[in-house]
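If you read the sequence shown in the numbering used here, its first letter stands for residue 1308, the second for the next number, and so on.
Do not take every clue at face value.
Lysine to any residue pairs mimicking SDA-like chemistry, simulated, CA-CA at most 25 Å apart [claimed, not checked]:
#1 Lys1334 / Lys1369
#2 Lys1334 / Thr1347
#3 Lys1334 / Lys1366
#4 Lys1339 / Ile1319
#5 Lys1369 / Glu1357
#6 Lys1334 / Pro1315
#7 Lys1334 / Trp1312
#8 Lys1371 / Val1354
#9 Lys1339 / Arg1352
#10 Lys1334 / Gly1348
#11 Lys1327 / Thr1347
#12 Lys1340 / Leu1330
#13 Lys1334 / Ala1344
#14 Lys1340 / Ala1310
#15 Lys1340 / Met1362
#16 Lys1339 / Ala1310
#17 Lys1327 / Glu1317
#18 Lys1339 / Thr1324
#19 Lys1340 / His1313
#20 Lys1366 / Arg1352
#21 Lys1334 / Val1353
#22 Lys1339 / Phe1328
#23 Lys1327 / Trp1312
#24 Lys1327 / Ile1314
#25 Lys1339 / His1313
#26 Lys1366 / Ser1355
#27 Lys1340 / Phe1328
#28 Lys1371 / Asp1356
#29 Lys1340 / Gln1358
#30 Lys1340 / Ile1314
#31 Lys1371 / Ser1355
#32 Lys1327 / Lys1339
#33 Lys1371 / Gln1358
Beta-carbon label-pair distances, calculated as ranges [claimed, not checked]:
#34 Gly1364 / Leu1309: 44 to 52 Å
#35 His1313 / Glu1337: 13 to 21 Å
#36 Leu1309 / Val1370: 53 to 61 Å
#37 Arg1361 / Leu1309: 35 to 43 Å
#38 Ala1345 / His1313: 16 to 24 Å
#39 Ile1319 / Ile1343: 22 to 30 Å
#40 Lys1334 / Gly1373: 41 to 49 Å
If you're looking for bench data, these hints aren't it; they were derived computationally from the structure. Since this is a predicted model, take the numbers as computed values, not measurements. Where a beta carbon is used, it is the ideal one built from N, C-alpha and C, also for glycine.
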Amino acid sequence: MLAEWHIPPEYIIENWTQEKFELMVEKLSERKKREIAAQTGRVNRVVSDEQLFRMTGIKVQKVKHGN
1308 MLAEWHIPPE YIIENWTQEK FELMVEKLSE RKKREIAAQT GRVNRVVSDE
1358 QLFRMTGIKV QKVKHGN
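Produce the entire structure from the sequences given, and follow the hints as far as they go.
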């Protein structure tokens, strides 16, 4: 894990809080899951409804309702 961050353990002990360490471990885990998914061809990501329609080529017209 430390090799992933390219920092020595002493730096973590002296400069990181427990919360920061836990966040970094969580983010590392998420990144590793994305890398594995990309290698296996399964990529999960969040897109907006507009992005989804653009990606699929579906044309949608927005309608505004007045007050």
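Hints, verified against the model:
no.	hint	in the structure
1	Lys1334 / Lys1369	violated, 36 Å
2	Lys1334 / Thr1347	holds, 20 Å
3	Lys1334 / Lys1366	violated, 36 Å
4	Lys1339 / Ile1319	holds, 21 Å
5	Lys1369 / Glu1357	holds, 10 Å
6	Lys1334 / Pro1315	holds, 18 Å
7	Lys1334 / Trp1312	holds, 11 Å
8	Lys1371 / Val1354	holds, 22 Å
9	Lys1339 / Arg1352	holds, 14 Å
10	Lys1334 / Gly1348	holds, 21 Å
11	Lys1327 / Thr1347	violated, 30 Å
12	Lys1340 / Leu1330	holds, 15 Å
13	Lys1334 / Ala1344	holds, 15 Å
14	Lys1340 / Ala1310	holds, 17 Å
15	Lys1340 / Met1362	holds, 24 Å
16	Lys1339 / Ala1310	holds, 14 Å
17	Lys1327 / Glu1317	holds, 15 Å
18	Lys1339 / Thr1324	holds, 23 Å
19	Lys1340 / His1313	holds, 20 Å
20	Lys1366 / Arg1352	holds, 22 Å
21	Lys1334 / Val1353	holds, 16 Å
22	Lys1339 / Phe1328	holds, 16 Å
23	Lys1327 / Trp1312	holds, 13 Å
24	Lys1327 / Ile1314	holds, 14 Å
25	Lys1339 / His1313	holds, 16 Å
26	Lys1366 / Ser1355	holds, 15 Å
27	Lys1340 / Phe1328	holds, 18 Å
28	Lys1371 / Asp1356	holds, 16 Å
29	Lys1340 / Gln1358	holds, 23 Å
30	Lys1340 / Ile1314	holds, 22 Å
31	Lys1371 / Ser1355	holds, 19 Å
32	Lys1327 / Lys1339	holds, 18 Å
33	Lys1371 / Gln1358	holds, 19 Å
34	Gly1364 / Leu1309: 44 to 52 Å	holds, 46 Å
35	His1313 / Glu1337: 13 to 21 Å	holds, 19 Å
36	Leu1309 / Val1370: 53 to 61 Å	holds, 54 Å
37	Arg1361 / Leu1309: 35 to 43 Å	holds, 41 Å
38	Ala1345 / His1313: 16 to 24 Å	holds, 22 Å
39	Ile1319 / Ile1343: 22 to 30 Å	holds, 25 Å
40	Lys1334 / Gly1373: 41 to 49 Å	holds, 44 Å
The structure fails to meet hints 1, 3, 11 from the earlier list, while all remaining hints are met.
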